[in-house]
Amino acid sequence: MDPFKKNVAISIDGGGIRGIIATKALWMLEDYLKKTGYIKNTLNEKVHLFAGTSTGAIIAAALAAGIPARDLTRFYRNLGRDVFKKFFPGSAFLRMVVTGEHYSNKKLESLLNTILSKKIGHGTNMNYFFSLNPPIDVVFTTFDITSNRTRYIKPWNAPEMKPDTDENFTPDENFTEWPVVKAVLASSAAPTYFPFIEGEHGLYMDGGVGSYNNPCFLAAYEIYVYLQCIWGWKPEKTTLISLGTGDEPPIFTKKSKNKKLLFKMFDLVFGAFMQSAAKQQVFLVNSFFEALDFRRFQVNLKKKVDLDDASEIDDLEKYGEEMGEKILGNKPEEIGRIYEGFEVSFKCPIVTSRKRIPKRK
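With full-length UniProt numbering, letter number 291 in the sequence shown gets 291, and the count goes up by one each step, no holes.
Any given hint could turn out to be false.
Heads up, simulated DSS-like pairs for lysine-lysine below, C-alpha to C-alpha not over 27 angstroms straight-line [said to hold, decoys possible]:
1) 40 <-> 5
2) 107 <-> 118
3) 40 <-> 118
4) 279 <-> 237
5) 40 <-> 234
6) 6 <-> 331
7) 326 <-> 5
8) 182 <-> 118
9) 6 <-> 46
Quick list of the computed label-pair ranges, beta carbon to beta carbon [unchecked claim]:
10) 331 <-> 306: 21 to 31 angstroms
11) 114 <-> 318: 25 to 35 angstroms
12) 321 <-> 174: 32 to 42 angstroms
Don't read these hints as lab results, they were simulated from the structure. Even for Gly, the Cβ is constructed at its ideal location relative to N, Cα and C.
Take the sequences, apply the hints, and build the full model.
Following this line, the structure appears as structure tokens:
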């Protein structure tokens with residue numbers, strides 16, 4: 001594996017139970033880095049930016065908190081057994097008809113509190129990550145259905161105060177004071193699977209509903225626009241690792257009947273959108289952020305695996321081993337570029353949030 005640059009960031013896609021693919025690969029990476037002496041115990045010793053959407057937000061939060069990737073893989077096994085429990089065939093669908101969601105998020109919330117409290121305590125807010133030395137930046141995505149736009153949950157981007165002259169000012173959510181668990185639940189509240197998360201100024205659902213089920217572009221933007229200005233992260237001295245959660249094969253072929261298409265149209269549209277958007281983010285990063293040491297890793301699934309299909313957990317972990325071997329074998333995806341020789345240039349933003357970001361000591 002090629003050595004990492006001076007600064008390291010990790011981005012993890014959404015994908016439900018398929019998140020175990022990423023955790024298994026990260027477990028292998030973590031073990032390798034311990035053997036080489038690069039880290040002593042956990043990835044957050046050297047990785048100081050974690051970005052995640054949905055299941056990726058779960059992983060990003062845990063890694064930023066110092067949870068070993070090995071423990072996260074075990075966590076996902078419990079997730080499949082306890083959160084996506086089906087009491088009888090059709091029970092999840094019946095619950096959706098009655099309540100609007102396949103599952104309650106109470107068990108997920110309990111599991112998150114249990115694993116995160118080991119490192120950061122119970123009820124800890126997002127701004128905790130910036131109290132660390134050195135501070136760690138995290139970026140989660142969530143979709144506010146009251147304003148129809150994606151929001152970015154970070155430990156430092158507190159909202160601006162209401163201008164005295166603007167009577168129509170709509171305040172943003174102060175995500176810095178949200179508990180980490182609430183932030184993760186908001187990013188992973190997949191429609192029809194889990195209930196929405198209510199904030200003071202919005203109603204939030206899975207961040208993958210927007211364009212950022214793969215948050216690698218957001219991670220690159222965070223590096224160029226903020227961390228370069230505040231922490232001195234030079235793009236050419238930064239490695240960005242982007243992990244997928246498995247590309248699914250096409251649901252249909254030319255021989256598919258129209259009736260079959262009708263009954264699976266939601267899966268077709270939603271699945272195609274998610275995979276297309278994820279690949280688009282990869283192309284954008286590779287096209288506009290050329291100075292980065294950008295490494296994208298993905299595996300191809302042999303069959304469709306639903307977000308809540310815990311019966312495939314063993315096979316998913318094997319896919320994680322495949323991804324881990326790609327990382328250690330220095331075999332990222334070959335990515336084309338939309339534009340050749342084009343590098344974006346950003347000026348440091350003049351925003352009050354600069355004062356909220358702690359300097360590196």
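Going through the earlier hints one by one, which of them does the structure break, listed in rising order?
The structure conflicts with no hint, since it agrees with every one listed earlier.
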